[in-house]
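*Asks:* Using the numbering used here, the letters of the sequence shown map in sequence onto residues 1 to 279.
Any given hint could be a false lead.
[Stated by the list, open to error] Simulated restraints, written as ranges between beta carbons of each label pair: (1) Arg-174 to Thr-136: 16 to 22 Å; (2) Gly-202 to Arg-173: 38 to 44 Å; (3) Ala-115 to Ala-178: 35 to 41 Å; (4) Ala-47 to Gly-22: 32 to 38 Å; (5) Ala-178 to Ala-125: 18 to 24 Å.
Calculated from the structure, these hints are not laboratory results. C-beta atoms are modelled at their ideal positions from N, C-alpha and C, and glycine is treated no differently.
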Amino acid sequence: MERSPAAGCEAFREALSARLDGEAEPIDAALTDAHLLRCAGCRTWHADAADATRLVRVQQVSTQPAGSDALLAALDAHGVLPVPPVPPVPSNSRISRISPFLSFLPRGRRALVLALRVLLGAFGAAQFVLGIAQVTSATTATEQHGSGSGHLWHESAAWNVAIGAGFGWIASRRGRPAGALPMLTAFVALLALLSVNDVIAGRVETERLLSHGFVLAGYAIVLALTRPALDPDRPGSSSSGAGSGSSSGSGAGSGATPPPRRLRLVPGQATAHTDREAA
């Protein structure tokens, strides 16, 4: 139903707003146009509304809304936006290239762990080769001492190969080798006891006795790698120079936990909210 020509400016402005939005006008268009010719205030309001509608439509199709840079800068100045974190500088050191999983240990400890793992791998390879050589020489032992001693020779060779492979596996892994420690401790302890007994009784050759040095050295390295201070997965292992008592009394200093990052205002969401208000 059309309204009378005596309708106020609010009614004509409602009709003009519907015209700008492409909707049906509640007042006859001729009456609205005639009112615009007579009312300077409605002409000004209509021009401002047309500019606002045009600006909103342009913002809807643009990827970067007009004025968003200024809005983000103002929010950043008031502390609303967090400073983006600085990406870590890639290290060019040889240690980081060879063992990236050690990068969050202190530099001196990182080099120590790398050296220990390299030595353990070398001792494992030597022990593995020693076991393979023992397998190939098992035929001679069988001919000299019988079939029973030949099988014992095979068992000893299998142990040497297994220990060499185990050392190599531990050297290539990241975590602490605590799981292999009980078996290695029992083996090394019994081997040392029997070796001392054979030396006293004169039943062992010097070359054979020296070959046990690979096992003893590898066991010492495995024992060192089980220390919590050399564990890269241990919480707080990246803190350098912190003693056992520093974690309980001086944690409020430079090692304080940084505050959580605040949420960033998404420009697209702000634009959508502005569009709804303007519509």
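*Asks:* Next, verify each hint and record whether it holds.
*Replies:* Right, here's what the structure says about each hint:
For the pair Arg-174 and Thr-136, the supplied restraint of 16 to 22 Å is violated, since their beta-carbon distance comes to about 34 Å. The hinted range of 38 to 44 Å is satisfied by Gly-202 and Arg-173, whose Cβ atoms lie roughly 41 Å apart. Separated by about 20 Å at the C-beta atoms, Ala-115 and Ala-178 break the suggested range of 35 to 41 Å. For the pair Ala-47 and Gly-22, the beta carbons lie near 18 Å from each other, so the given range of 32 to 38 Å is not met.
Our hint of 18 to 24 Å for Ala-178 and Ala-125 holds, since their Cβ atoms are close to 23 Å apart.
Hint compliance for this structure: hints 1, 3, 4 are not met, and every other hint is.
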